[in-house]
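Participant: Turn these sequences into a full structure, and let the hints steer you where they fit.
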Amino acid sequence: MRDAVSAADGRLPRRRGRTALLIATAAVLGLVAGIAVGYGVQAERPPTPLPALAQPGLAYPGKALPEGREPDPLSDKEDRSRRTAGDLRKLLIPRPKGAREVDVPTFDGGSLPVDGWMTAADYATEYVDEGSMFEYFAEEDIRRVAGADWERGQYGQIAVRLVQFRSGAGMGAVDFAESQLDYMPESDEGAGYAGDPIKGSGNGRYFVYPVQNKPGYLPLYEARALGYRGDVMFDIHIFDTRPISKRDIRTLAERQLERL
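Numbering-wise, the sequence shown is residues 1 to 260 according to the UniProt record's numbering.
These aren't lab readings, by the way, just hints derived from the structure by calculation. Wrong hints could be hidden among the right ones.
[Claimed, not checked] Dumping the calculated DSS-like pairs for lysine-lysine here, alpha-carbon to alpha-carbon at most 25 Å:
#1 K214 with K90
#2 K246 with K97
#3 K199 with K246
#4 K199 with K97
#5 K214 with K246
Quick caveat, the model's predicted, so the values are computed rather than measured.
Facilitator: In structure tokens, the structure reads:
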């Protein structure tokens, strides 16, 4: 499958970059929108509702453990499975303080979530080779994608995606996350370094890219966090024309991991 998806190097297509850099004279031209290009998107259909849990409201641990007894990791895994079997949108991190809803896509040529959901086709448009990406999703049996996009400050944007795969012989979330992490150490396609570990995750990393500067354009800053837990992969992006600290992206990543 990997060779069919990307015969050149055997890897999956990378994410698209930010929409076009803002021209420094944008205010003179009357540009008052954010960084992205506006568009409308219609979801194909909502995901099939899942049956309610036999014990709604069950929390982990279900009752206090005897003093000195450690939690059972298997029970913890089962509890996470219950969470991800429900409404995936509820596991998205809440809107950060000071952020606002948007009506334009974050990625160049990409799509916005509709009521918190994205179809596989819509999600594939956020990648450089959307056709190959959609084929990959179909073959890897993607289940659903939940997402949120916000704007912050004058030009800042935040995009969060939770991608869930159906249970099977494959390692959908693991393979997908690792394929994106493969690009990150590269300076031409990624952040140019191996990233920093996300606390509480054995696989997640967060990155702050070098600033992009072009004559006549505002500077472009970018940060990203990637990881997975169980059958769900999370992907978080921050874009801005002002510097983004490691704390900014690390905080969002840790909060998202805690909800999975």
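Participant: Just to be careful, I want the Cα atoms of K199 and K246 compared with a cutoff of 25 Å; is the pair within it?
Facilitator: Distance ~13 Å between K199 and K246 Cα, so the pair holds.
Participant: Need the status of pair K246, K97: alpha-carbon distance at most 25 Å?
Facilitator: Between K246 and K97 the Cα gap is close to 17 Å, so the pair holds against 25 Å.
Participant: Does K246 sit within 25 Å of K214, going by the straight-line distance between their CA atoms?
Facilitator: Status holds; Cα separation ~23 Å.
Participant: Starting from K214, check that the Cα of K90 is at most 25 Å away, please.
Facilitator: Violated, at about 39 Å.
Participant: Would the pair K199 and K97 pass a check requiring their Cα atoms to be no farther apart than 25 Å?
Facilitator: Holds - the C-alpha atoms of K97 and K199 are around 22 Å apart, at most 25 Å.
Hint check: a violation occurs at hint 1 only; the rest are consistent with the structure.
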